[in-house]
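The task is simple: from the sequences and hints, build the whole structure.
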Amino acid sequence: KAGVTQTPRYLIKTRGQQVTLSCSPISGHRSVSWYQQTPGQGLQFLFEYFSETQRNKGNFPGRFSGRQFSNSRSEMNVSTLELGDSALYLCASRGQRIGSTEAFFGQGTRLTVV
Amino acid sequence: SQQGEEDPQALSIQEGENATMNCSYKTSINNLQWYRQNSGRGLVHLILIRSNEREKHSGRLRVTLDTSKKSSSLLITASRAADTASYFCALGNDQKLVFGQGTRLTINP
Numbered sequence: 001k002a003g004v005t006q007t008p009r010y011l012i013k014t015r016g017q018q019v020t021l022s023c024s025p026i027s028g029h030r031s032v033s034w035y036q037q038t039p040g041q042g043l044q045f046l047f048e049y050f051s052e053t054q055r056n057k058g059n060f061p062g063r064f065s066g067r068q069f070s071n072s073r074s075e076m077n078v079s080t081l082e083l084g085d086s087a088l089y090l091c092a093s094r095g096q097r098i099g100s101t102e103a104f105f106g107q108g109t110r111l112t113v114v
Numbered sequence: 115s116q117q118g119e120e121d122p123q124a125l126s127i128q129e130g131e132n133a134t135m136n137c138s139y140k141t142s143i144n145n146l147q148w149y150r151q152n153s154g155r156g157l158v159h160l161i162l163i164r165s166n167e168r169e170k171h172s173g174r175l176r177v178t179l180d181t182s183k184k185s186s187s188l189l190i191t192a193s194r195a196a197d198t199a200s201y202f203c204a205l206g207n208d209q210k211l212v213f214g215q216g217t218r219l220t221i222n223p
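So the sequences go chain by chain: A and B. Residues in the first sequence are numbered from 1 upward in steps of one, following this note's numbering. Residues in the second sequence are numbered from 115 upward in steps of one, following this note's numbering.
One or more hints might be untrue.
Between beta-carbon pairs, the in silico distance windows are [said to hold, decoys possible]:
#1 Glu82/A <-> Thr134/B: 35 to 41 Å
#2 Glu82/A <-> Glu169/B: 40 to 46 Å
#3 Glu169/B <-> Ser79/A: 45 to 51 Å
#4 Gly62/A <-> Ala192/B: 45 to 51 Å
#5 Glu52/A <-> Asp121/B: 37 to 43 Å
#6 Pro61/A <-> Ser142/B: 24 to 30 Å
#7 Ala195/B <-> Ser22/A: 33 to 39 Å
#8 Thr178/B <-> Gly40/A: 28 to 34 Å
#9 Val114/A <-> Ser153/B: 20 to 26 Å
#10 Thr38/A <-> Thr134/B: 41 to 47 Å
#11 Leu175/B <-> Gly40/A: 42 to 48 Å
#12 Thr112/A <-> Asp121/B: 27 to 33 Å
#13 Ala124/B <-> Val114/A: 28 to 34 Å
If you're looking for bench data, these hints aren't it; they were derived computationally from the structure. Keep in mind the model is a prediction, meaning the values are calculated, not measured. Every residue gets a Cβ at the ideal spot worked out from N, C-alpha and C, and that includes glycine.
Now the structure itself:
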């Protein structure tokens, strides 16, 4: 069974630009969650999608958005990039609602904003 | 705070020794999970303990949960160089999985 796939693995963007990250969950998993990891703030929850609906959202500005498609693949978009958005973005998939059973993580997308 | 607080932040031990990491929290939980992360890569699930359980084992890992004290500990026995990583506790409830800041474990050969 293939694991969680995140693309791209590395990305360099300029301030003010926007970026779209992609996550393909494990086949059959309907829940996808996104996390931002930085040295200062640690792992912070961005949002969770389940069956194409956003079910939960963390405390991030509206510049951070996401969506989930009918095949459970998810995308995360960050508009008007700021230097502070430089981070490792991780997505995790689960069969059911996040928090009840284990989450399977992708390798992450390392975003650098210059 | 909804997240767990881990202690210590960093731990350095000799290969073969046991490593113990602790996680304290303030909210109610359905379960508590431990994850490992190697050098800024993805997290790997290690073990899940439910709120009605007190202890779980998986290989060299032993996790305890004390809901009255709102704390959990992860014990890695007979440590190996490959155990060098960051370890995170995560609080699970119906809404989301919230991670602590992690413990950086270094195993010295």
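Flag every earlier hint the structure violates by its number, smallest first.
10, 11
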